[in-house]
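Asker: Residues per chain, in single letters:
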Amino acid sequence: MMGSDVVRLEDVWVSYDGTAALDGINLRVSEHDFLGIIGPNGGGKSTLLKVLLGLVTPSRGMVTVLGNPPEKSRNKVGYVPQHSNFDRNFPVSVREVVMMGRYGKAGLLRHYNGTDRQAAEKALLRVGMLDHATAQIGQLSGGQQQRAFIARALVAEPELLLLDEPMASVDSAMQTEFYELLEDLKKEMTIIMVSHDIGAVSVFVDKIACLNVQLYYHGSREITPEILEATYKCPVQLIAHGDIPHRVLREH
Amino acid sequence: MPEIFQYEFMRNALAAGLLASVACGIVGVYVVVKKIVSMSGSIAHASFGGIGLGYLLKFSPVLGAMLFALLSAITMGLVTRKTKLPEDTATGILWALGMALGVIFIGLTPGYAPDLMSYLFGNILTVPASDIYLMAALDVIIVALAIAFYKEFLLLSFDEEFGTVVGMPVNGLYLLLLCMVALTVVVLIRVVGMILVIAMLTFPAALARQFTHDMKKMMLLAVVFGMVFTFGGLWLSYVLNLASGATIILLSGLVLLLSYTATGLRRRFSAHKTAI
Chain P
1 MMGSDVVRLE DVWVSYDGTA ALDGINLRVS EHDFLGIIGP NGGGKSTLLK
51 VLLGLVTPSR GMVTVLGNPP EKSRNKVGYV PQHSNFDRNF PVSVREVVMM
101 GRYGKAGLLR HYNGTDRQAA EKALLRVGML DHATAQIGQL SGGQQQRAFI
151 ARALVAEPEL LLLDEPMASV DSAMQTEFYE LLEDLKKEMT IIMVSHDIGA
201 VSVFVDKIAC LNVQLYYHGS REITPEILEA TYKCPVQLIA HGDIPHRVLR
251 EH
Chain F
1 MPEIFQYEFM RNALAAGLLA SVACGIVGVY VVVKKIVSMS GSIAHASFGG
51 IGLGYLLKFS PVLGAMLFAL LSAITMGLVT RKTKLPEDTA TGILWALGMA
101 LGVIFIGLTP GYAPDLMSYL FGNILTVPAS DIYLMAALDV IIVALAIAFY
151 KEFLLLSFDE EFGTVVGMPV NGLYLLLLCM VALTVVVLIR VVGMILVIAM
201 LTFPAALARQ FTHDMKKMML LAVVFGMVFT FGGLWLSYVL NLASGATIIL
251 LSGLVLLLSY TATGLRRRFS AHKTAI
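For the protein sequence lines, the chains are P and F, in the order given. The numbering used here numbers the first residue of the first sequence as 1 and each following residue consecutively. The numbering used here numbers the first residue of the second sequence as 1 and each following residue consecutively.
In isolation and in its complexed conformation, chain P is listed as follows:
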């Protein structure tokens, strides 16, 4: 298994109604990497995740996830979608939401059993939400809800974890906790995280990819202002907060 890629995209193109969403993407992610994908909104970050999940088929190019086409690897991939997309009033508890992640293991018609319930307990404990297991999902704060959704992604013991803008509804104090959780999870799985927030991403990830329809950079954490400008298509001004910009930008 030496040198096998968890994710491999070769010359992947995706277009919606004639507009290119992804243009010639070449990307390889190795085991236990923690990759942050940054870029402006509309630049294809969510599309890239959807390609990895098999929700979107590229018009050109090849995608493999854990050595297989994305649809075949779904049971080994955990997905934390963008926060906004659910009905806050929905009559479902935190535990029931987490259990939904066990669907892949249970399959059609088979009811969730003791093993599934134990996995849910473990996942809830891992993200620190066990005390809130019986709460209705809408009653929690944004950060708590996100933790529940991370538990939902973890409950099937994935090898690859995909997160779409996970920090969007989380305040900065909670963000550090989240990153520490992800750092911990990295020991057991590969993580790919999409974010439009450059500064926060930089400290904890191993590698950064800059995406705006095309991939402008993929590699270690050092990004030059030129790369950022090419990605964001305008001069980027970073506000300095402590150490963070020093890690993102090479000293110049």
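Not one of these hints is a red herring.
DSS-like mimics (lysine-lysine), calculated; alpha carbons at most 27 angstroms apart, straight line:
no.: 1; chain 1: P; residue 1: Lys72; chain 2: F; residue 2: Lys82
no.: 2; chain 1: P; residue 1: Lys187; chain 2: P; residue 2: Lys76
no.: 3; chain 1: F; residue 1: Lys216; chain 2: P; residue 2: Lys122
no.: 4; chain 1: P; residue 1: Lys72; chain 2: P; residue 2: Lys186
no.: 5; chain 1: P; residue 1: Lys72; chain 2: P; residue 2: Lys122
no.: 6; chain 1: P; residue 1: Lys122; chain 2: P; residue 2: Lys186
no.: 7; chain 1: F; residue 1: Lys34; chain 2: F; residue 2: Lys82
no.: 8; chain 1: F; residue 1: Lys82; chain 2: F; residue 2: Lys35
no.: 9; chain 1: F; residue 1: Lys216; chain 2: F; residue 2: Lys35
no.: 10; chain 1: P; residue 1: Lys76; chain 2: P; residue 2: Lys122
no.: 11; chain 1: P; residue 1: Lys105; chain 2: F; residue 2: Lys34
no.: 12; chain 1: P; residue 1: Lys105; chain 2: F; residue 2: Lys216
These stretches of chain F come out as covered by chain P in the derived footprint (C-beta under 8 angstroms, 3 or more residues):
no.: 13; region: 138-152
no.: 14; region: 163-175
no.: 15; region: 205-217
Keep in mind the hints are simulated off the structure, nothing from the lab. Computed from a predicted model, the values in this text were never measured in an experiment. All C-beta atoms, glycine included, are put in the ideal place defined by N, C-alpha and C.
For chain P, the structure is supplied; the task is to place chain F on it using the hints.
Answerer: Same frame as chain P, now just chain F:
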């Protein structure tokens, strides 16, 4: 009071009310939480085409309603998933087509359409035994499907995209759910009539939501509320000499409004507490 149950029409009314409550309690919850109220309304109204066809070709209009309701459910499910036609346009089209076909078929039927009013507006006191058997069979199917696919429908209603990601056959299950709505429409048609089916489908579930955030309990409560409204409405219609179906709906609508008002007032008075 008990002597009245000597009469078959009264026993049938009791059975019809119970069977209707079970169906609308269970399926109504899905309709409300998945927000497919409009679509369910269109399935209900499209069934009128089948009622007309039944008159024209001289078979039971209820079976005709079932045929058309299932056809519209399947069409709705396939068209909204496989084409770019937006959901509410599809809803409008099916609604109108079904009703128009029904009117034309009835117009083509020689003579007078007996019982038409009871299909449109319901008449729980004239439900024949054959319809009771059909309603019971449909209830068994609905309950069996709801139990078997409980976790699937929960995931489908809450987060379809995630359902696809974990490998659930989302489109097929959506189609199945719409078909369950079609079957429920048929069960409710005799009690409140095709025009008000949508109210019977949604009001008990909406009221149940006020009292619990557990979907299983919501279904149980909705069934109970369905029974309370059906029999309460029936009794009121007897006392006030009004149409039974409409009285059932008025009663449930008023109770629902009162419930929302009470919740609203309670929130206003505890506004000093920190809101979550």
